[in-house]
Amino acid sequence: MADFEPKVVAFLCRWCAYAGADLAGTSRLQYPPNVVPIRVPCSGRVEPSWVVDALQKGADGVLIGGCHPGDCHYVSGNYKARRRVYLLKKILPELGIAPERVRLEWVSATEGKRFAQVVADFVEELRALGPMKVMSEG
Amino acid sequence: MEVLSQVEIAFWPALADSKKADLEAMPKGYIDAALINGAIRTQENLEMVRLLREKSKLIVAYGACAHLGGIPSLANLYGREELLKAAFGDGWRPGPPPGAPQEDAPPELLPKALPLAQAVPVDYTVPGCPPPAGLIGEFFSAFLSGEMPPPGHVFAKVKALCEECPRTREERVLKKIVRPHEIVPDPEACLLDQGIICLGPVTRGGCSAACPSAGMPCTGCLGPTPKAGDMGLSMVSALASLVRAGEEGEAAIPSENEILDQLVDPIGTLYKYGVPDMPCAKEGEG
Amino acid sequence: MYPEGITHHPSPITRSRIGVFVCHCGHNIAGTVDVERVAEELSRYPGVVYSTHYEYMCSDPGQELVKRAIKEHRLTGVVVAACSPSMHEATFRTAAEEAGLNPFLVEIANVREHCSWVHPRSPETTAKAIRIARAVVEKVKGNHPLEPVRVGHAEKCLVIGGGIAGIQAALDVAEAGYEVLLVERSPTIGGHMAQLSETFPTLDCSQCILTPKMVEVARHERIRLLTYSEVEEVSGFVGNYHVRIRKKPTYVDPDKCNLCGECEKVCPVRVPNEFDRGLSQRAAIYIPFPQAVPSSYTLDEEACLGLEPLRCSECARVCEVGAIDYDMQEEIIEEDVGAIILATGYELYPVENMAEYGAGRVPDVIDSLTFERLLSASGPTGGEVRRPSDGKVPKEVVFIQCSGSRDPELHKPYCSKICCMYTAKHALLYRHLVPDGKAYVFYIDIRAGGKDYEEFVARAMEEERVLYLRGKVAKVFREGDKVMVWGVDTLTGKRVEIAADLVVLAQAIVPSPGVRTLAQVLHTSCLDEHGFLKEAHPKLRPLETLTGGVFIAGAAQGPKDIPEAVAQASGAAAKAVALLSSPAIVHSPEVAQVDEELCSGCGVCAPQCPYSAITVEEVAEVNEVLCEGCGTCVAACPSGAMSLRNLADEQVEAMVQAVLEEVAGG
Ligand code: SF4
Ligand code: SF4
Ligand code: FES
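Protein chains in written order, with the numbering used here: chain A, 1 to 138; chain B, 1 to 286; chain C, 1 to 666.
No lab work stands behind these hints, which were simulated from the structure alone. The model shown is predicted, which means the values in this text are computed figures rather than measured ones. Certain hints may be false.
Within a straight-line C-alpha distance of at most 27 Å, the following computed DSS-like cross-link-like pairs (lysine-lysine) qualify [claimed, not checked]:
1. B:K175 - A:K90
2. C:K475 - C:K412
3. C:K539 - C:K475
4. A:K90 - B:K85
5. B:K175 - A:K133
6. B:K57 - B:K20
7. C:K213 - C:K248
8. C:K213 - C:K67
9. C:K472 - C:K412
10. C:K475 - C:K438
11. B:K57 - A:K90
12. C:K417 - C:K482
13. B:K85 - B:K57
14. A:K90 - B:K176
15. C:K395 - C:K482
16. B:K55 - B:K20
17. A:K113 - C:K539
18. C:K494 - C:K438
19. C:K451 - C:K395
20. A:K57 - B:K227
21. C:K265 - C:K248
Which bits of chain C does chain A cover? Going by a derived footprint, with three or more residues having C-beta under 8 Å, they are [as the list claims (entries may be wrong)]:
22. 640-649
23. 652-662
Even glycine gets a Cβ: it sits at the ideal position worked out from N, Cα and C.
Kindly generate the complete structure, drawing on both the sequences and the hints.
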């Protein structure tokens with residue numbers, strides 16, 4: 001599976017993770033182009049159904065980026081996001097999806113480096129996991 | 001409501017001795033309305049409903065299995081091979097029992113159990129497990145009077161069950177999750193507030209909250225409200241949002257997880273009447 | 001494959017006419033992304049009617065290009081594929097507005113920071129840029145034109161608490177030209193600062209610097225002072241609060257009372273004087289201290305022998321000006337205010353809790369505010385340090401710092417911040433007043449972060465020879481007329497035993513008890529785990545609460561000294577004035593909204609909102625001014641009745657689809 005390029009959708013909160021990705025850009029850090037970000041106000045806006053929807057539509061992984069605990073611009077949206085992802089990951093295996101395909105990461109606006117690292121690691125992990133399998137007709 | 005006197009039964013395998021051949025003999029569109037229950041599980045089911053579609057002006061998905069896939073669709077979480085293996089043991093090959101003629105072979109299993117609408121176009125749905133009398137009545141009075149709502153209509157409320165539930169909602173937080181048999185619920189208070197997973201907030205109303213009124217949580221038989229999307233995932237989000245173990249913060253994380261871990265059999269609880277259409281192979285355990 | 005079902009009949013798709021503008025940003029984007037190809041690909045994307053690329057889209061000619069295209073192609077939406085929205089979103093939105101397009105129909109596709117700067121020149125990089133731009137096209141397709149939410153507001157400010165923070169805030173707001181309602185529970189303003197003898201590190205006399213400000217409050221034409229009053233009810237929201245205040249009767253007309261004090265002399269009742277921390281007695285009719293504001297006596301109904309029926313009426317008999325009115329009734333004051341400043345101050349952690357230091361049992365173990373009264377020239381001992389038990393001048397005094405603070409097991413885990421400094425002041429003032437006395441201080445460490453603070457502590461240690469002992473006191477007990485203090489000096493490892501005459505505990509600072517009821521009145525969870533007021537953001541919004549238009553000043557937020565409390569009060573006042581002086585409260589319209597047809601009133605949303613913007617009756621309702629648009633409630637809503645304006649689920653699903661669709665040759 002040498003030339004498998006995982007496709008990743010990233011939901012990034014505008015105050016921290018998205019801004020962290022901006023800083024990665026300003027600092028000209030290089031990371032794999034597999035991740036396409038979608039800006040959301042807060043990680044608390046992200047719905048578990050979006051994650052599954054993306055995986056069903058052909059994403060190999062979904063990244064959710066929010067502010068570190070205590071730093072959420074809206075105080076506690078990230079705590080909700082954390083609990084939702086925790087519960088989602090508990091049921092994913094039963095729906096036939098490897099929970100490692102979903103990642104929740106805290107990235108602050110000053111952590112450009114960390115953002116690049118998170119993306120690189122995630123893409124690497126997904127590459128090892130292989131493409132999202134579609135249930136065969138047989 | 002007296003229905004039987006106002007309609008003629010064209011085909012009813014459960015009561016009359018109706019055969020497929022009878023159906024085949026009917027002209028196209030001969031049947032005014034076909035009420036079909038059950039999920040589509042086999043090749044035979046599929047052929048039958050296609051035939052019914054051809055012979056009927058209206059197709060009505062009747063009951064939770066036809067509407068959502070129902071309990072049979074829980075098997076969709078596993079591949080067909082896996083299922084056959086579980087049911088008949090290793091080494092089983094499709095075909096008739098030893099010595100029997102080919103037509104005695106069990107009908108071929110489809111890869112998945114399908115809700116009716118995924119097999120043939122469906123005009124109306126009368127949901128429920130079983131459909132509540134009131135909703136059946138609503139359908140028939142519309143049908144018999146000729147004043148049917150626009151196609152696609154589901155004969156149930158657009159609002160979720162909580163709207164018609166007599167229980168009172170107080171503090172909307174989930175400090176624990178319990179199974180219905182583990183506690184004697186307060187007769188007045190919302191079950192969800194007491195830690196019992198009630199799907200009322202995501203399920204269409206229309207049953208007068210029969211289950212919650214009787215002390216049992218709603219299990220979702222009328223299906224999701226029109227904009228709820230995937231019932232189970234919507235509830236995952238709602239339940240996880242409601243969990244509180246004291247003030248939110250890093251320190252509370254372990255106790256929050258403890259509460260979330262109390263949800264046993266999440267799939268069976270959140271998707272009792274139909275799992276989402278997951279096009280993915282089982283890779284979770286692999 | 002199976003035939004498609006038709007369970008839902010799709011709603012007609014509104015026709016979008018989107019324009020896409022791809023920026024080269026010189027080489028910054030064009031260097032690694034094939035911008036021509038992006039524009040080309042996008043021109044074929046459904047809903048896009050115009051697509052182009054240009055060297056510098058943010059330049060004047062670039063903006064002109066956008067404006068012209070909006071008009072010529074009757075665009076219903078604009079996507080600028082350029083740098084981060086934090087750079088030029090506002091620029092392009094303004095430009096679009098000038099061309100007659102609602103600014104909320106303009107979105108930025110970030111192909112620079114998130115793409116061209118982080119990947120090498122390659123087909124993949126271009127493909128990613130195409131995906132990003134497509135996704136944003138999908139978002140714009142689902143966007144609605146919006147107008148900012150505007151609501152009017154009252155032009156009055158309510159300040160709760162009449163200590164130094166409340167006084168400063170009230171004066172600043174009033175000076176800025178706005179009416180102020182200053183509400184204080186007790187019969188006078190001044191707070192704890194009025195009880196202090198001198199202040200560190202300058203040793204100004206506390207009352208001398210405070211009373212002029214109190215007088216200014218009394219005289220200010222725009223300040224309405226309501227003492228002996230409590231806020232009972234607050235309803236409404238930012239800019240539009242309706243408050244109900246209950247003013248208890250003082251039974252003395254402040255306008256008539258001339259402070260002659262005759263009443264006090266004839267009153268047969270004597271109760272402990274709270275202002276002197278119980279070191280002296282007062283009558284049932286009293287004035288807390290001579291400079292009290294309002295400058296009037298107050299009849300303490302609870303201490304009085306009886307008003308109904310009248311049991312004594314001695315005071316009214318001697319009052320020459322007839323200021324005393326036993327029929328005075330409580331008053332309910334209702335007002336509309338735009339902003340609220342909470343300055344409810346602090347209390348000392350009750351000394352009775354310090355059983356390990358003999359407090360409560362040994363009369364000569366006192367707390368720090370009591371010691372302030374012993375030092376004060378206007379105090380019960382006239383500025384002579386005399387101990388409570390027998391009135392003797394103590395010759396050996398032990399000060400114990402961190403009493404009740406920094407002790408997570410038994411007491412408060414936090415540092416009370418000001419005790420190191422006032423203990424140094426206490427020891428120093430004591431040495432001034434009793435030159436042959438000995439002062440010992442037990443401490444954990446000295447925290448003297450402040451202008452001239454370190455020097456002040458050094459002065460106490462070196463010039464005044466106060467003996468600082470690093471260590472904990474193990475035991476305090478009474479022996480004869482001495483208070484024995486046993487402890488360990490952890491620096492030398494030696495046991496220390498002092499036969500003291502007086503022990504002063506630097507008690508922990510706790511929020512004043514009224515703040516809890518106040519939080520309930522305000523319907524907010526604005527208290528932290530210790531009961532102090534919680535700021536909206538610990539770093540960036542330290543003067544605000546999570547409730548819009550409600551600000552914080554002083555020790556109600558956490559232990560702080562006078563200059564800090566005053567600075568915070570002025571800050572909160574500036575925040576309040578900014579609100580009051582704005583022509584209207586303008587708020588982003590990208591907030592949550594409820595579809596009443598779908599909402600079952602299940603109530604899952606309300607507890608998710610950090611700003612208490614949601615109320616649920618039959619159905620949920622979002623207060624547009626309070627909602628900050630985080631969308632947390634939207635994700636929680638199980639039935640899909642709650643949505644976020646311009647970021648609906650359908651939009652996100654379309655964006656995801658756009659991201660994942662194949663890019664030819666990418
Ligand atoms: S018991 Fe169930 S249906 Fe009734 S209010 Fe509670 S959650 Fe809603
Ligand atoms: S979007 Fe956020 S701020 Fe607005 S009502 Fe919902 S939870 Fe509150
Ligand atoms: S704003 Fe970043 S996680 Fe809430």
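**Asked** For which of the previously enumerated hints does the structure constitute a violation, in increasing order of number?
**Response** 3, 5, 8, 11, 12, 13, 19
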